[in-house]
Amino acid sequence: DVKVTQSSRYLVKRTGEKVFLECVQDMDHENMFWYRQDPGLGLRLIYFSYDVKMKEKGDIPEGYSVSREKKERFSLILESASTNQTSMYLCASSRPGGGYNEQFFGPGTRLTVL
Amino acid sequence: AQSVTQLDSQVPVFEEAPVELRCNYSSSVSVYLFWYVQYPNQGLQLLLKYLSGSTLVESINGFEAEFNKSQTSFHLRKPSVHISDTAEYFCAVGSGGYQKVTFGTGTKLQVIP
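Taken in order, these protein sequences are the chains called A and B.
Here the first sequence is numbered in the numbering used here, starting from 94 and rising by one per residue.
Here the second sequence is numbered in the numbering used here, starting from 450 and rising by one per residue.
Okay, chain A solo, but in the shape it has when bound (with noise of 0.2 Å):
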């Protein structure tokens, strides 16, 4: 069975802590994507990754940053965290190639920022 995990299902921090949020993907896919979930506003992409060491921003990666060192990792650092990051955050992983491709989610991550 393929899986996309995620290291937490919840999380609470404070303001101004250096958050980690890791994903595994097991299915040897090259892109791997970060979204955050927010009632009313849908699925938004903070930034995706088509290769190791390979990034690209998505619409909202302010306050955000990211590191590919593996193939099937993918992680979401909030180098300070604020209390309009509180979220849920998802992320997905597809085959190479265009829009096409089926995207593969975890189960996501509840962060809370006190």
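A portion of the hints provided could be inaccurate.
What the hints assert, rightly or not - Covered stretches of chain A, going by a simulated chain B footprint (3 or more residues, C-beta under 8 Å):
1. 167-178
2. 198-207
Said to hold, decoys possible - With a cut-off of at most 16 Å between alpha-carbon atoms, the simulated EDC-like pairs for lysine to aspartate or glutamate come out as follows:
3. Lys-148(A) - Glu-162(A)
4. Lys-557(B) - Asp-131(A)
5. Lys-549(B) - Glu-149(A)
6. Lys-549(B) - Asp-152(A)
7. Lys-527(B) - Glu-465(B)
8. Lys-498(B) - Asp-144(A)
9. Lys-96(A) - Asp-119(A)
10. Lys-549(B) - Glu-195(A)
11. Lys-549(B) - Glu-123(A)
12. Lys-164(A) - Asp-121(A)
13. Lys-106(A) - Glu-149(A)
14. Lys-549(B) - Asp-144(A)
15. Lys-96(A) - Glu-162(A)
Claimed, not checked - Which residues of chain A face chain B? A partial, calculated answer using Cβ under 7 Å:
16. Glu-110
17. Phe-113
18. Gly-135
19. Leu-136
20. Leu-183
21. Gly-192
Read the hints as simulated data drawn from the structure, not as lab findings.
Even for Gly, the Cβ is constructed at its ideal location relative to N, Cα and C.
Start from chain A and add chain B according to the hints.
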């Protein structure tokens, strides 16, 4: 640029009644269209997709969607819903040569017993 509009944020429907969840898109190039479903406390999973060919696509659990190019729509339908269909449904659009997919804001389907 591409975008997706899901006008209905919530759709309540009685069990065994039909349902339609609306999705309209805009894109300057040819498109690929998807419906994803998110059950409570889970990530999204693909329900069905249109890439090319027949404009009517079906899922294994009785949902269907029809690609209508003239109306730029990809509405999702089911003739008879079950309690287990209660979930949030996301329409998404992708385009060739562009690896990102744009998601709509989602429609919560609530099936009432």
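Going through the hints against the structure:
1. Three residues within the 8 Å Cβ limit are the bar, and the region 167-178 of chain A against chain B gives 0, so the coverage statement is violated.
2. Interface restraint, the region 198-207 of chain A with chain B: holds (4 residues with C-beta to C-beta distance below 8 Å; minimum three).
3. Taking the CA atoms of Lys-148(A) and Glu-162(A), the gap is about 11 Å. The hint holds against a cut of 16 Å.
4. Distance restraint check for Lys-557(B) and Asp-131(A): the Cα-Cα separation of roughly 13 Å lies within the 16 Å cut-off, and the hinted pair is therefore satisfied.
5. For the proposed pair Lys-549(B) and Glu-149(A), the alpha carbon gap of about 10 Å is at most 16 Å, so the pair holds.
6. With a C-alpha separation of about 10 Å, the suggested pair Lys-549(B) and Asp-152(A) falls inside the 16 Å cut-off, and the hint holds.
7. The suggested pairing of Lys-527(B) with Glu-465(B) holds, with an alpha-carbon distance near 10 Å, which does not exceed 16 Å.
8. A distance of roughly 25 Å separates the Cα atoms of Lys-498(B) and Asp-144(A); the hinted pair therefore is violated under the 16 Å criterion.
9. Under the criterion of a C-alpha separation no larger than 16 Å, the hint pairing Lys-96(A) with Asp-119(A) is consistent with the structure, at around 6 Å.
10. Distance check on the hinted pair: Lys-549(B) and Glu-195(A) sit about 11 Å apart at the alpha-carbon level, within 16 Å; holds.
11. Between Lys-549(B) and Glu-123(A), the direct Cα distance comes to roughly 13 Å. Compliance with the 16 Å bound is thereby established for this hinted pair.
12. Taking the CA atoms of Lys-164(A) and Asp-121(A), the gap is about 7 Å. The hint holds against a cut of 16 Å.
13. With a C-alpha separation of about 26 Å, the suggested pair Lys-106(A) and Glu-149(A) falls outside the 16 Å cut-off, and the hint is violated.
14. Using a Cα cut-off of 16 Å, the hinted pair Lys-549(B) and Asp-144(A) holds, with the two alpha carbons roughly 14 Å apart.
15. Restraint check for Lys-96(A) and Glu-162(A): not satisfied, since their Cα atoms lie roughly 19 Å apart, outside the 16 Å limit.
16. A distance limit of 7 Å between C-beta atoms decides the matter here; for Glu-110(A) the minimum to chain B is near 25 Å, and the interface restraint is violated.
17. Interface restraint check: Phe-113(A) against chain B, minimum CB-CB distance 19 Å, threshold 7 Å, status violated.
18. Evaluation of the Gly-135(A) hint against chain B yields a held restraint, the C-beta minimum of about 4 Å falling below 7 Å.
19. The interface hint given for Leu-136(A) is met, as the beta carbon of that residue sits about 4 Å from the closest beta carbon of chain B, less than 7 Å.
20. Look at Leu-183(A): its Cβ gets to within about 6 Å of chain B, closer than 7 Å, so that hint holds up.
21. Hint on Gly-192(A) holds. Least Cβ distance to chain B is approximately 2 Å, under the 7 Å limit.
Hints 1, 8, 13, 15, 16, 17 from the list above are not met by this structure, while the remaining hints are.
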